[in-house]
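Engineer: Residues per chain, in single letters:
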Amino acid sequence: MWKFIVRRLIITMPQLIVLSLVVFILASMMPGDALTGQIDPNISPEAIEQQRERLGLNNPWYIQYGDWVTGVAQGDFGQSYRFKMPVTDLMWDRMVNTFWLSLISVFFIYALGIPMGIISGRWNDKLIDQLITGYTYLGFATPLFIFALVTLWVFGFQFGWFPTGGSVASGLEPGSLEFILSKIHHLLLPGLSIALIGLVGTVQYLRSEIVDTKQKDFIITARAKGAPEQRVYNRHIFRNSVLPIAAFFGYEITMLITGSIFVEQIYSYPGMGALFIESILLRDYAVVTALVLLFGLAAILGALLSDIILSIVDPRIRIK
Amino acid sequence: MSKTLLEIKNLTTSFRIGEEYYAAVDDVSLNLQENEVLAIVGESGSGKSATAFSLMGLHNRAKIEGEILFKGRDIANLPASKMNKIRGNEISMIFQDPLTALNPLMEIGKQIGEVLLLHKKDMSKQERRDYSIQLLERVGLPRPERVVDQFPHELSGGMRQRVIIAIAIANKPELLIADEPTTALDVTIQAQILDLMRELKDDLNSGVILITHDLGVVAEMADRVAVMYAGQIVEIADVESLFVNPQHPYTRSLLSSVPATDFAQDRLHVIQGIVPSLKNLPREGCRFKERIPWIEDTAHEEDPQLHEISENHYVRCTCYQHFYFPEESKEEQANGVTES
Chain A
1 MWKFIVRRLI
11 ITMPQLIVLS
21 LVVFILASMM
31 PGDALTGQID
41 PNISPEAIEQ
51 QRERLGLNNP
61 WYIQYGDWVT
71 GVAQGDFGQS
81 YRFKMPVTDL
91 MWDRMVNTFW
101 LSLISVFFIY
111 ALGIPMGIIS
121 GRWNDKLIDQ
131 LITGYTYLGF
141 ATPLFIFALV
151 TLWVFGFQFG
161 WFPTGGSVAS
171 GLEPGSLEFI
181 LSKIHHLLLP
191 GLSIALIGLV
201 GTVQYLRSEI
211 VDTKQKDFII
221 TARAKGAPEQ
231 RVYNRHIFRN
241 SVLPIAAFFG
251 YEITMLITGS
261 IFVEQIYSYP
271 GMGALFIESI
281 LLRDYAVVTA
291 LVLLFGLAAI
301 LGALLSDIIL
311 SIVDPRIRIK
Chain B
1 MSKTLLEIKN
11 LTTSFRIGEE
21 YYAAVDDVSL
31 NLQENEVLAI
41 VGESGSGKSA
51 TAFSLMGLHN
61 RAKIEGEILF
71 KGRDIANLPA
81 SKMNKIRGNE
91 ISMIFQDPLT
101 ALNPLMEIGK
111 QIGEVLLLHK
121 KDMSKQERRD
131 YSIQLLERVG
141 LPRPERVVDQ
151 FPHELSGGMR
161 QRVIIAIAIA
171 NKPELLIADE
181 PTTALDVTIQ
191 AQILDLMREL
201 KDDLNSGVIL
211 ITHDLGVVAE
221 MADRVAVMYA
231 GQIVEIADVE
241 SLFVNPQHPY
251 TRSLLSSVPA
261 TDFAQDRLHV
271 IQGIVPSLKN
281 LPREGCRFKE
291 RIPWIEDTAH
301 EEDPQLHEIS
311 ENHYVRCTCY
321 QHFYFPEESK
331 EEQANGVTES
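Line by line, the protein sequences give chains A and B.
The numbers in the numbering used here rise by one with no breaks, and the one at position 106 of the first sequence is 106.
The numbers in the numbering used here rise by one with no breaks, and the one at position 284 of the second sequence is 284.
Any given hint might turn out to be false.
[Stated by the list, open to error] Derived DSS-like pairs: lysine-lysine, alpha-carbon spacing no greater than 27 Å straight-line:
1. B:279 / A:126
2. A:214 / B:63
3. B:9 / A:216
4. A:84 / B:172
5. A:183 / B:63
6. B:201 / A:214
7. A:214 / B:110
8. A:216 / B:85
9. B:121 / B:82
10. A:214 / B:9
11. B:82 / B:172
12. B:85 / B:9
Keep in mind that the hints were calculated from the coordinates and are not lab data.
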């Protein structure tokens, strides 16, 4: 098992190198740089050119890439031109915020989605299933950013039940109970919005797996043993149906982290997604490349996590 | 004189298609003694498996009419909670496809243990495991103490069928229903499995209902044979009478469809047409009529009944008296069946 994980991690290295190259080239191909349009027009073009030379912006891309990679390898993603601080420091707080948002979204997705899928699959084609399936079609058709806007307007502005921005109320002592409660309060609405739309895939997957597994021969075997219906479902149908959901877990996390980009923007939630959009708009390339690299890393690790989980839950794919 | 273990009276199992019910098993009456093997033979769709599933109460949405007297108690339409005490305990079943009949995510030991857990509440976990190993040994699996911790995909088809048999015999059932137990296996493994089943049957003194379309298996195992066609029993007799002196056109057609190995045949007999689907079953007159169109209509009975033509040998419809194969002339037919 450990051997497998180490081997998989080693395989991810070339993937990361290719990813970083693509990210870097794409970023340097975008028009303009950090000194475009941000500078006092009274500064002479010569002075700006001098700065460009000093910052290495006139070097060919492969030299710039080399410098950048050397930095990244040492944990230095460079300076944010906009925030005038190291990208690493800038990203840390944002990453923690996004982590909590993703965590609460995943929690709601599975806490709500799995029971819905089980009910829908067990009583398939009954009224309750038609209601749930109907909801999943609606969910598929609704773009997350529209849904987020509507929930923000209804529950944030109209009812005022939830805060409409930020990650914590100001003036609270970090670590105190009020601070934590305020954090959770800020997380609930965006987390629920993501989950209510994000769970539809899980529900439909689980439903069709259960409907499928119900007709398998080993279910007849279980009934023929004299197992009561509840046991047939819990021990035989559910465990076999949940495999693809478990396998999808890693990807789900990746999708949440990258998918939170718009939601964070809408809820003015200071996470990586919001930072990503701001940085693109302001040509803050050091931040953009660092973030894309992180998203890519999350995707690769998510896939690895999926493989590991699947090998744990399915004995047929045991990794030796 | 052995005791009657099972008596099926006028069993009719119907499935709903659209708004109407169609009988897949139509007015079937059978009985089984202790330690007797009754084979039910027929093509796919003849209702033989549906009969077996009705006995186990495994049909989900079927309408079951008639009586299934197991040791004198009617178990047809018994509520699930009561049926669950019988299934896997007093009546158990061996399935057709060992590759799909075991839960792929459960260790062999747990799958055997489950049937013990359900019916022998006082057994501890360790006792269940020990007994599972004994059962695996009993059904002839090598290294049972290793197999008990293995998963189904680590075993071959024949080994898995032995595991399924181990599950079936775990609680020493009085009635064993085997639904095509050897169909999915290699020929060499088939013989081993049949030997094992016969041995276990004698050990446990249980009655066996053997569902099959393999007449070789029937000859090997059965004491009596019921031939089913389109949901009805068309002929029922001792295994010897049936093979030596088959009467119903369907039985004779089935027997002559088996390739002979002791002499060269130019052509193999093929029964014309196909088994009609459940919805299109002829409900009136002789159901086999359409597949022997060269026999005159007057040969058939209007409402075919089972006739006792000799002791314990029943044949449905009168058409058997007039039947001949189209390959033969009527004169040859008059001399009786020879080779089969």
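Engineer: Taking the hints in turn, state whether each one holds.
Structural biologist: Verification of the supplied hints:
no., hint, in the structure
1, B:279 / A:126, "25 Å, holds"
2, A:214 / B:63, "20 Å, holds"
3, B:9 / A:216, "31 Å, violated"
4, A:84 / B:172, "80 Å, violated"
5, A:183 / B:63, "58 Å, violated"
6, B:201 / A:214, "31 Å, violated"
7, A:214 / B:110, "20 Å, holds"
8, A:216 / B:85, "23 Å, holds"
9, B:121 / B:82, "16 Å, holds"
10, A:214 / B:9, "31 Å, violated"
11, B:82 / B:172, "18 Å, holds"
12, B:85 / B:9, "22 Å, holds"
This entry does not satisfy hints 3, 4, 5, 6, 10, going by the numbered hints stated previously.
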